[in-house]
Each structure stands twice: as C-alpha cells, then as structure tokens.
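Engineer: Take a look at the letters that make up each chain.
Protein chains: 2
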Amino acid sequence: MNFNEFLNHLSNYEPGKDIEVIAKEYGISEVIKLASNENPFGVPPKAIESLKQNASKAYLYPDDSMIELKSKLAQKYKIKNENIIIGAGSDQIIEFAVHSKLNPQNAFLQTGVTFAMYEIYAKQRGAKCYKTSSITHDLKEFKTLYDKHKEEIKIIFLCLPNNPLGECLDADEVLEFIRDVDKDCLLVLDAAYNEFASFKDEKKHLEPYDLIKEFENVLFLGTFSKLYGLGGLRIGYGIANTQIINAFYKLRAPFNVSNLALKAAVAALDDEEFVKKTLKNNFSQMQLYYEFAKKHGIKTLQSYTNFITYFFDEKNSIDLSEKLLKKGIIIRNLKSYGLNAMRITIGTPYENEKFLTEMEKILKK
Amino acid sequence: MNFNEFLNHLSNYEPGKDIEVIAKEYGISEVIKLASNENPFGVPPKAIESLKQNASKAYLYPDDSMIELKSKLAQKYKIKNENIIIGAGSDQIIEFAVHSKLNPQNAFLQTGVTFAMYEIYAKQRGAKCYKTSSITHDLKEFKTLYDKHKEEIKIIFLCLPNNPLGECLDADEVLEFIRDVDKDCLLVLDAAYNEFASFKDEKKHLEPYDLIKEFENVLFLGTFSKLYGLGGLRIGYGIANTQIINAFYKLRAPFNVSNLALKAAVAALDDEEFVKKTLKNNFSQMQLYYEFAKKHGIKTLQSYTNFITYFFDEKNSIDLSEKLLKKGIIIRNLKSYGLNAMRITIGTPYENEKFLTEMEKILKK
Numbered sequence: 001m002n003f004n005e006f007l008n009h010l011s012n013y014e015p016g017k018d019i020e021v022i023a024k025e026y027g028i029s030e031v032i033k034l035a036s037n038e039n040p041f042g043v044p045p046k047a048i049e050s051l052k053q054n055a056s057k058a059y060l061y062p063d064d065s066m067i068e069l070k071s072k073l074a075q076k077y078k079i080k081n082e083n084i085i086i087g088a089g090s091d092q093i094i095e096f097a098v099h100s101k102l103n104p105q106n107a108f109l110q111t112g113v114t115f116a117m118y119e120i121y122a123k124q125r126g127a128k129c130y131k132t133s134s135i136t137h138d139l140k141e142f143k144t145l146y147d148k149h150k151e152e153i154k155i156i157f158l159c160l161p162n163n164p165l166g167e168c169l170d171a172d173e174v175l176e177f178i179r180d181v182d183k184d185c186l187l188v189l190d191a192a193y194n195e196f197a198s199f200k201d202e203k204k205h206l207e208p209y210d211l212i213k214e215f216e217n218v219l220f221l222g223t224f225s226k227l228y229g230l231g232g233l234r235i236g237y238g239i240a241n242t243q244i245i246n247a248f249y250k251l252r253a254p255f256n257v258s259n260l261a262l263k264a265a266v267a268a269l270d271d272e273e274f275v276k277k278t279l280k281n282n283f284s285q286m287q288l289y290y291e292f293a294k295k296h297g298i299k300t301l302q303s304y305t306n307f308i309t310y311f312f313d314e315k316n317s318i319d320l321s322e323k324l325l326k327k328g329i330i331i332r333n334l335k336s337y338g339l340n341a342m343r344i345t346i347g348t349p350y351e352n353e354k355f356l357t358e359m360e361k362i363l364k365k
Numbered sequence: 001m002n003f004n005e006f007l008n009h010l011s012n013y014e015p016g017k018d019i020e021v022i023a024k025e026y027g028i029s030e031v032i033k034l035a036s037n038e039n040p041f042g043v044p045p046k047a048i049e050s051l052k053q054n055a056s057k058a059y060l061y062p063d064d065s066m067i068e069l070k071s072k073l074a075q076k077y078k079i080k081n082e083n084i085i086i087g088a089g090s091d092q093i094i095e096f097a098v099h100s101k102l103n104p105q106n107a108f109l110q111t112g113v114t115f116a117m118y119e120i121y122a123k124q125r126g127a128k129c130y131k132t133s134s135i136t137h138d139l140k141e142f143k144t145l146y147d148k149h150k151e152e153i154k155i156i157f158l159c160l161p162n163n164p165l166g167e168c169l170d171a172d173e174v175l176e177f178i179r180d181v182d183k184d185c186l187l188v189l190d191a192a193y194n195e196f197a198s199f200k201d202e203k204k205h206l207e208p209y210d211l212i213k214e215f216e217n218v219l220f221l222g223t224f225s226k227l228y229g230l231g232g233l234r235i236g237y238g239i240a241n242t243q244i245i246n247a248f249y250k251l252r253a254p255f256n257v258s259n260l261a262l263k264a265a266v267a268a269l270d271d272e273e274f275v276k277k278t279l280k281n282n283f284s285q286m287q288l289y290y291e292f293a294k295k296h297g298i299k300t301l302q303s304y305t306n307f308i309t310y311f312f313d314e315k316n317s318i319d320l321s322e323k324l325l326k327k328g329i330i331i332r333n334l335k336s337y338g339l340n341a342m343r344i345t346i347g348t349p350y351e352n353e354k355f356l357t358e359m360e361k362i363l364k365k
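Protein chains in written order, with my numbering: chain A, 1 to 365; chain B, 1 to 365.
Any given hint could be a false lead.
Said to hold, decoys possible - Here are a few chain A residues that face chain B, going by a calculated C-beta distance under 7 Å:
1. I48
2. Y59
3. P62
4. S258
5. Q302
Stated by the list, open to error - Example chain B residues on the side facing chain A (calculated, C-beta under 10 Å, incomplete):
6. L7
7. V21
8. A74
9. D210
10. E214
11. N217
12. A264
13. Q285
Hints were generated in silico from the structure; no laboratory data involved. For every residue, glycine included, the Cβ atom is placed at its ideal position computed from N, Cα and C.
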C-alpha cells in the first residue's frame, strides 16, 4: 500500500522502556526511575482524591468546553478563558503550532540541543530546521540566524528552561529578543519547567498575562506533567491571543483530553503544599548532585529544572547508563542528542542517595 | 498572523454541552444524558477498581510500548501485538488513516450519513469527499461510485453498524465488496458498535483475525468508549497488517494514551459480567422504544447499536429536543446531519421510562 509521500521522511519513534517492564526483564525488585523528570513525590494528594472520586465517571465523555479547568487557569494567570487551549500534554499544543504554521516552503528555529518533539512534529510538515551551533540558548546567535532567514522562519522555539540541558534565559532578555521578531513569526515559549526556574531565580519567571498583552505572536506552554505530578494523564495547555487559539482549535479533535485528567488538573492546582514541598526538595537535593559532580570531575550546567545533566569526557555515558540499569536505576542517556552525557531527574532523598552511591561505585571501577 | 492555507477551509468544532454544565444552567437537579451513546451502567466495576488502585501512579508517563493492553487484545482476537495500534479513542486511528493516505489530489468514499469525524479529518488534508445518495449503507451504490472514481478514492469508510443511524451490513456482503476494491485503497471498518450488532445478529460480526488474514488493505477499529464504558478516558484501537500499523506509528505522538486508561482498558476486557448485562439490557429496553415509535407513528430503522434514531415528519426535532432538555433529558439532535431526526441512547430502565414518559407528554401538546 502507498502512503502520503511525507511519511517516507519520518521514522518510527522508539519508546523508552517502562519501569514495570524493566523490573520484570532484569528481575529487579526495586527500580528507581530518574529518567523522565516525573515528580518524585508522585501525584498531589488532592489529585489522587479527585481520581478516586471520579473513577465511576470515566464512562462519560469529557466536557469538551473544558470550562472548569480553563476557568481555574484563567484565574491563576489573570487571563481570559478564550486565551487558553488544553492539550493531551503541552506536546499536543506544539503539534497544533507546527501544523498551523509550518510547511515545506518555510522553516523554524531552535537551539542546538532542546526538546526533541519540536523537530519531530516539524518533519511531519516538511519544514526546514535551523539550529544554533550553540547547544544552549544563545540569543545573539538566534538573532543572527533569524535576521538571515527572516522570510523563511515562521516559528521560533525557546525552551525556558531548556530540556534536556537545564539552562534558562532571563525573562527580560527573552522579551527584548521577541520585540525584534516579525509579528508573523510565532514565538513558542515552552515553559514546561518554568515553575522550577522561577522558584530558583525570579528573573527567569515568565508571566503569560504580560506576554500576551504585549505580543500577539507569543504562545506560552504549560504542563501538568512535571511540577504537578500528572505525567501519566497527558494534560497541558497553551496560552496566546485568541487568533492563535482559534487557529489551533481547528486542528484539535474533540475530547482530546480525558475527563479524569481535566478534574485531576483542577485539584492539582489547588495543592499548594505539594507544590512547595516539590520545589524545596528539588533544589536542596540538587546540591548533592553538584557536589558529587565536583568531586568526580563531571561537567555540569547550572540547572533551573528538576533534573541535572552530567557531561563526560573519558567515560562513555552509554556504558555508565547500562551499568546503572543493571542496578535498577534508569536515567536518560543523551546519546541521541549527540552528547556524551546523561540527564538525571532529581528524585526523593532516598532515590538520590541510591543513585549517587551506585554511581560512585561504577565510576571507581 | 498568517496560518497554513488549509486552515481556512476548516471550521471550529462546536462542543456539545456537558451534563454538569447543563444541570447548572437550567437549575435541574437530575439530568438524564441519552446523547453520546455512553454505557448506561457506567464504568465496569473492574475498571473502577483499576482506576482507584492506580490513581497514585498518574505521575508516571505511560508505558509507551503499551505491551499489557496490546497483549490482552492480541489474545482476545488471536492476532499479534504488531497488528495493533492504540489511540486516544478510535477517533485518533481515523486521524492517522486520513493523514497517511489522503491529500488534495485524492478522495474518500462514505455513506450519505455517518460518523462526522471521517469528513472532519479528511478536510484537514484537503481530500475530496464522495458520498452515496443513500443515507444508510448501500453497497451497490458504493461499488458504482468506487468504480467510477477508482483512481481517486484512497479510503472507503464503512461504519458497521452505522452511527448515527444504527443500520448494519452483513459481514459476508462486506467481505464480498472488499474483494473488488484495489489493494491500494484502505478499507476502514469502523466497528465501534460491532459488539452490539454481533450480539443481536451474528451475521453482522466482524472478526479482525479473518479480515487481516485475507486483506492487506483493511483497518478494523474498536473502542472502549461504548460497550466497555470508558468514553471519558479516550481509548480505542486499530487492527491491520503491519505495513499499515507501521505507517500510522509514524504519525503517533509518544504517550498518546494515559496510563490509567491503558490499565482500565485491560480491566474492562476482563469484566465479562458487565458486558453481558449491558448487551442484554440494551436490546430488551430497545423494544420499548420501538413500541413507543409504533404507537406515535415515528419512523425508525432497525438498530444494531446502543441507540435508536427517531425520524419525524411534521414535528420539528429541534423543537422536541429543546423541550426534552428543559425536562433535564439530553438526546442528540441530527439537524447537523441534515435530518429531522434525533438519536437516543438506550439507557437504564429508569432512564428509558423517564424519556418515554416525558416524550409522550411533549408529543401530546
């Protein structure tokens, strides 16, 4: 059977292995997953309560107006419901952005190493990819590339802070950069980890209200998968001016998010205690990873997220990852990004100690 | 801001109103929803148990290999895991089919009145739509139209049984029809309600194993939204030969289904008691709707689903729907399909009695 020609340029995504699947395969009783930047404290208690209470409602189609969650987000950010679109993860909003703007005649711009889905979706539309030579965000280089290919570039992705490297630009310099970009170019500000960055340093904080007030071409992305502990439920959101939101709505299938996810997300937003605990643990525990890195001569970047990235010189990160896996510890190897590095999610104190102890043994061998 | 040209041909989907939203708006304490063909008995008890037990795992990304559910389905249908793709509802598999096969140079074929999403997705790709003049499935007309536009038509949708009308072709005649279709044309057999049809009349039964054994160009679609009572969780599946499944995988975003949905679906497949109860109730209760229709001179079709369609001559279906709504009863008006008709989900005995009582009062006025 023949398929549309663009499929020939796409590869099949290779899923990572699930924690339960690995435990079975290696016969390990305890698996520690520090691979996907999930919340180490699990699901917010209020969201667990919501899931249990609403389990018996799973037969009903979701409220497709999503008014409850939209109103909650609108209140949180002091914006209007009509400036919000809910997606099956913020991934799906990236998908809408790409499909509404990109095509084989235009291009997008991103940093050298960043969230892989930007490029994966863009390939589906056959758009050209411009990347900075810098692996982290370098706005000077962004500006040079943008000015050179202004006619072509219709989306610029900024991941703030950046996944999988952890660095983050200051909000001020981001705003200054956007002011020089043409109004027909969509600025996607991926703020999946921005709550972590804001907690560490308020200069990194992005405020959707200010962004959409000043810029008609900015899309702010938020997610419930990280700080709010709902990665398994697939729910995130986009905030932008109504022209952008309406365009995205044309690409959205009805009922794109489950009803239990919508209700759990509302509950998660109310769980302030859980949020505080997560943020506090994250940065105090991250210190242990920096100290470990220093002791062992491992290179790091300043991380504004819930993970840290270790760069290796002589040791091979694949080899190290496999050795960790055999000990029941899953981290994210960054070989597929062309880096001899690994990304480790900051876990609970127990998980972090376990990782650092095993890693020390492995490095000594 | 400019968007890709094809968006100009798409309209924003207008979501139906949610049961809770309507109850609030009309100040009604009891709302009966017979509008979306959800399971009137709710969620299978085993699936409720699964949701409650796994609520605390909602922070973990789903197992993207979906091996547990795939294996369960493979066992049920005596097929291989590699012949299965899981979607956020079978809707999402329709989306994959459309995007992988259709483009502005080709076309698809469907019956006059059928599931609206076929055409909605196809518009996103700019493909031409051929419809039979018959509103129900008429294979002779399908064949005439197909033979005439063979070079163009790359997908044929058969909805077996048909939503929103309820009629169903015999499996034998479907197979005979497929044998005359070119191997490059994808036959989508939407079996969302096929369990209901099979229960009523085994001649309607579609068996994925036989279909994919004989035909390399058939896609069988199943869902957990109807018989299995998980409409709110957004989960369905496609079964086809591996060439088709692999093509669809290129369009699938990672983690397209929530982890709780994957686990609940496995549990639902085990809940045989719930399934039996649903099927038995459905067709015994449907009799009351036929008797009512006969008494009041309302036209109907033979329904092989969990809903019945009432066609009106003099009375206006919109007017009737609004009057029902004021009584707290939501049904699906079919005006948007160009019909003076309504589709009513077969509910619990209590719900059906309530509907029939109120409808009788309304018709008498």
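Engineer: Decide, hint by hint, whether the structure agrees.
Structural biologist: Against the structure, the hints:
At its closest, the beta carbon of A:I48 sits 5 Å from a beta carbon of chain B; the interface hint therefore holds under the 7 Å criterion. For A:Y59, the interface hint holds, the least distance from its beta-carbon to any beta-carbon of chain B being 4 Å, beneath 7 Å. Checking A:P62 against chain B by beta carbon gives a least distance of about 6 Å; that is within 7 Å, so the hint holds. Annotation: interface hint on A:S258 holds; nearest CB of chain B at approximately 5 Å, less than 7 Å.
Contact between A:Q302 and chain B, as hinted, is not supported at the beta carbon level, the nearest pair being about 26 Å apart and thus beyond 7 Å. With a least beta-carbon distance of about 5 Å to chain A, the hint placing B:L7 at the interface is held under the 10 Å criterion. Because the beta carbon of B:V21 sits about 6 Å from the nearest beta carbon in chain A, less than 10 Å, this interface hint is met. The interface hint given for B:A74 is broken, as the beta carbon of that residue sits about 16 Å from the closest beta carbon of chain A, more than 10 Å.
Against a cut-off of 10 Å between C-beta atoms, the interface hint on B:D210 is violated, since the closest Cβ of chain A lies about 19 Å away. Hint on B:E214 is violated. Least Cβ distance to chain A is approximately 15 Å, over the 10 Å limit. Interface hint at B:N217: satisfied, since its Cβ lies 6 Å from the closest Cβ of chain A, which is below the 10 Å cut-off. For B:A264, the suggested interface contact is upheld, since its CB lies about 7 Å from the closest CB of chain A, less than 10 Å.
For B:Q285, the shortest C-beta to C-beta distance to chain A is roughly 17 Å, which exceeds 10 Å, and the interface hint is violated.
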